[in-house]
Amino acid sequence: MNNKAKFGIGAVIIVGTLSWLAVVGARESKTYYHTIPELAALKAADLRLRMRVSGTVRPGSIARYTGRVDFVLEEQGKPLAVSYTGTEPLPDTFVDNSQALVEGKLAANGTFVAEKVQAKCASKYEPAPGGQAPGGASGDPNKKS
Amino acid sequence: MDLFGSFALILAFVCAIYAIVAGIAGIRTRHPLIVKSARQAGLAVCILVTLGMASLVYLFLTDNFAMAYVVGHSNRALPTFYKFAALWAGQEGSLLFWSWVLSIYVFSVLFAYRKKHPELMPYVGVILAGVQLFFLTLNNFIASPFQVLGTMGPDGAMQIVTHADGRGLNPLLQYPEMVIHPPNLYSGYTGFTIPFAFALAALLGRYPGEKWIHITRRWTMIAWCFQSAGILLGAHWAYAVLGWGGYWAWDPVENASLMPWLTGTAFLHSVMMQEKRGMLKVWNVWLVFTTFLLCIFGTFLTRSGVVSSVHAFAQSQIGPWFLGFIIAVLAVCTWAFIRNRDYLHSDNQLDSLVSRESSFLFNNLILLVACVAVLSGTLFPVLSEAVTNNKISVGPPFFNKVNLPIGLFLLFLTGVGPLLAWRKTSLESLKRNFGWPLLGGLAAGALAFPLGFRDFYALICLVLSVFVALSVASEFLRGAMVIRSRGGANIFSAVAQLTMRNTRRYGGYVVHFGIVLVFIGISGAAFNKDQQMEMAPGSQMQIGPYTLVCQSFESRPGPNNNYTTERATIEALRGGKPVMMLYPERRFYTANEQAGTMVAIYSTLKEDLYVVYAGRSPDTQQPVIHAYLNPLVKLLWLGGVIVVLGTGLALLPNRQAVLAIRAVAQPATAGPVPQPVRASMGRYEGQD
Chain R
272 MNNKAKFGIG AVIIVGTLSW LAVVGARESK TYYHTIPELA ALKAADLRLR MRVSGTVRPG
332 SIARYTGRVD FVLEEQGKPL AVSYTGTEPL PDTFVDNSQA LVEGKLAANG TFVAEKVQAK
392 CASKYEPAPG GQAPGGASGD PNKKS
Chain L
11 MDLFGSFALI LAFVCAIYAI VAGIAGIRTR HPLIVKSARQ AGLAVCILVT LGMASLVYLF
71 LTDNFAMAYV VGHSNRALPT FYKFAALWAG QEGSLLFWSW VLSIYVFSVL FAYRKKHPEL
131 MPYVGVILAG VQLFFLTLNN FIASPFQVLG TMGPDGAMQI VTHADGRGLN PLLQYPEMVI
191 HPPNLYSGYT GFTIPFAFAL AALLGRYPGE KWIHITRRWT MIAWCFQSAG ILLGAHWAYA
251 VLGWGGYWAW DPVENASLMP WLTGTAFLHS VMMQEKRGML KVWNVWLVFT TFLLCIFGTF
311 LTRSGVVSSV HAFAQSQIGP WFLGFIIAVL AVCTWAFIRN RDYLHSDNQL DSLVSRESSF
371 LFNNLILLVA CVAVLSGTLF PVLSEAVTNN KISVGPPFFN KVNLPIGLFL LFLTGVGPLL
431 AWRKTSLESL KRNFGWPLLG GLAAGALAFP LGFRDFYALI CLVLSVFVAL SVASEFLRGA
491 MVIRSRGGAN IFSAVAQLTM RNTRRYGGYV VHFGIVLVFI GISGAAFNKD QQMEMAPGSQ
551 MQIGPYTLVC QSFESRPGPN NNYTTERATI EALRGGKPVM MLYPERRFYT ANEQAGTMVA
611 IYSTLKEDLY VVYAGRSPDT QQPVIHAYLN PLVKLLWLGG VIVVLGTGLA LLPNRQAVLA
671 IRAVAQPATA GPVPQPVRAS MGRYEGQD
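Line by line, the protein sequences give chains R and L.
Following this note's numbering, the numbering of the first sequence begins with 272 at its first residue and continues without gaps.
Following this note's numbering, the numbering of the second sequence begins with 11 at its first residue and continues without gaps.
If you are wondering where the hints come from, they were derived from the structure by calculation, not from laboratory data.
Each hint should be verified, as a subset may be incorrect.
[Claimed, not checked] Result set (DSBU-like, lysine-lysine): computed pairs, CA atoms no more than 30 Å apart in a straight line:
#  : chain 1 : residue 1 : chain 2 : residue 2
1  : R       : 387       : L       : 539
2  : L       : 644       : R       : 277
3  : L       : 401       : R       : 387
4  : R       : 387       : L       : 644
5  : L       : 401       : R       : 277
6  : R       : 275       : L       : 616
7  : L       : 434       : R       : 275
8  : L       : 221       : R       : 275
9  : L       : 126       : R       : 275
10 : R       : 376       : L       : 539
11 : L       : 539       : R       : 277
Starting from the given sequences, assemble the full structure and let the hints guide the process.
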């Protein structure tokens with residue numbers, strides 16, 4: 272057998288093993304993105320899968336308890352009650368009205384049990400001095416997240 | 011100053027167009043004056059972009075809150091140091107910064123090679139100006155940092171609005187490393203433009219010989235060094251600022267910086283195949299192209315909002331521009347390749363499976379697989395939505411499952427590869443080169459297992475790390491012994507002499523050693539511990555060998571009223587003896603009403619004690635402290651420093667002239683005795 276073929280076999284074995292590991296890893300950690308309005312329309316089987324849901328934190332809804340933080344996410348007017356049970360402290364950007372991305376599963380009572388919470392602070396742009404609205408004279412007043 | 015800046019950028023844009031047009035004319039007509047004027051235009055771009063950059067700095071330092079970009083990323087109380095970091099805190103500024111770093115690279119290249127390679131440089135100049143033109147288009151017309159805030163006045167005319175104060179810099183960026191991490195990473199990203207330009211130029215111009223590959227290799231090393239430092243500084247920033255106890259989360263932004271690093275690393279290895287054996291020419295050219303494309307692609311990923319990331323530049327309108335540029339570059343590369351592919355025919359074939367060549371092939375294969383895995387994992391949401399209509403993401407388990415074995419296999423090759431001979435390696439030399447290091451590695455594993463090193467990957471990593479470190483050491487030692495036996499110098503000066511005679515080879519070994527430390531540092535994560543607890547003053551927490559005692563906690567204003575802070579004073583004791591006072595804190599920045607965590611770390615070579623102030627308990631109002639014990643993390647940063655030093659060493663010119671004279675002179679005076687010595691020196695100096 273020539274060396275090219277030998278190298279080819281070695282390559283196939285390596286790539287094959289790694290692809291298999293990739294498939295296993297993907298199966299273990301795959302998470303479905305859904306919007307809050309979509310949740311109502313999902314089939315029962317799909318509701319049991321890991322998912323990621325994003326929304327705006329309803330102002331005043333954050334309630335901190337020992338070992339858990341409850342809050343309500345909203346998107347297009349639809350609310351979702353979330354209970355965060357992870358051990359990591361919540362990100363500093365997690366406040367009222369921030370854009371949050373939660374990852375976890377839906378519990379039987381309809382509460383979303385999140386293991387991870389990511390948050391981006393809402394882009395806020397205070398009015399210009401003298402109460403004038405910021406005009407877009409030359410472009411976008413640069414959104415910050 | 012804003013007008014001055016805009017004007018400088020417009021002029022730079024015009025100069026870049028001129029550099030392209032005159033450059034092409036110069037290639038066609040071969041008229042030296044046209045070629046020279048194209049080069050001068052390329053140099054002028056750098057000066058003009060520098061002026062643009064300087065005026066943005068001026069606007070920040072003078073707190074000009076009529077500028078949208080300054081309002082968005084600075085405030086009066088912001089320390090001057092961070093006003094520099096604010097330059098690249100947002101989309102517009104960071105793109106200008108990109109252009110600026112690129113223009114410095116272009117200037118260096120055009121200036122350094124102004125009298126060399128007259129057949130190659132005009133092509134290089136045109137390609138570089140083309141890339142610059144793209145970024146200058148963004149700077150001028152799509153994302154200009156020199157936009158003023160305006161409002162409609164009562165008479166219907168626009169009026170400039172000046173704010174009293176800015177909205178402040180994102181608190182996550184108010185950390186010393188954020189001032190040096192982005193410049194490093196940007197120098198890496200933009201640096202890969204230079205090898206790209208040389209590779210494409212050589213292909214387009216059918217430049218004879220292998221000179222361009224030496225130039226390409228050197229510039230790739232420079233970019234690679236910055237990229238490595240940038241990635242590790244970013245990891246360290248995440249570790250020290252984000253307060254979750256880790257340094258790498260497979261976030262799309264991190265992945266974006268890792269991908270060109272992987273292909274760049276592959277190129278730095280496979281390029282030796284081309285230099286020594288004239289093989290893999292097609293592969294190398296495409297590796298360089300891919301690395302550059304991945305740099306642009308990474309920028310596209312992080313700025314287009316295609317995948318969601320924790321990083322700053324989320325949604326923006328800039329995505330299509332990058333996508334268009336990537337397609338254009340890919341089209342040019344493909345066209346050049348199809349037209350001139352006969353220029354890249356291989357001179358040799360693979361001789362044996364146990365040879366230096368095949369170790370490089372496996373190294374490249376595995377680095378590419380890693381890159382593809384990272385890429386597909388990052389794009390999983392996009393791909394799955396296209397295929398199944400369901401947006402699915404994959405998390406760290408996916409990346410770790412694939413990349414841990416890859417990392418270990420690479421580590422194995424790091425030890426094995428440099429010791430294998432070119433073409434074919436005999437069993438005899440295998441035994442001679444590998445016997446002791448391998449034995450040492452296995453012995454280390456056998457010692458560590460009873461001491462609690464039970465994690466499979468961590469154990470393998472330890473065995474391989476010791477093996478690689480010993481094989482690197484034995485290479486130095488063996489070369490030094492040869493020098494010593496000849497010159498009688500002591501072993502240390504012999505090692506220094508040896509290194510300086512072949513900086514590339516021994517610098518490479520130093521880099522390998524640094525990588526070994528990085529691997530050991532990463533493997534420590536298998537033994538991380540953490541604990542969270544509410545700590546009223548006087549209460550204690552036990553973690554590993556440490557006892558934490560909460561002394562007090564307080565709220566007070568920070569300097570300059572930039573923020574207010576809540577912090578705990580925690581004494582760390584080990585075996586009953588105090589080792590350090592830790593002050594974990596949480597800051598609330600006044601300008602943008604955001605909070606920032608300041609982690610307190612007590613770092614030793616063995617482990618880091620990492621303490622986070624996680625806020626106050628809602629029931630009792632007492633501080634909640636989250637403590638982590640992270641073994642071996644310090645080796646990761648130390649390894650990074652060694653990698654950078656090693657790359658610097660490899661970039662130094664060889665001190666070979668002295669040796670050549672002596673080697674020729676000796677046989678005449680001393681007869682046949684030095685003959686075998688000279689032969690064995692050849693093995694240490696001639697090959698990389």
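Broken hints, numbered, in rising order? 2, 5, 6, 9 and 11
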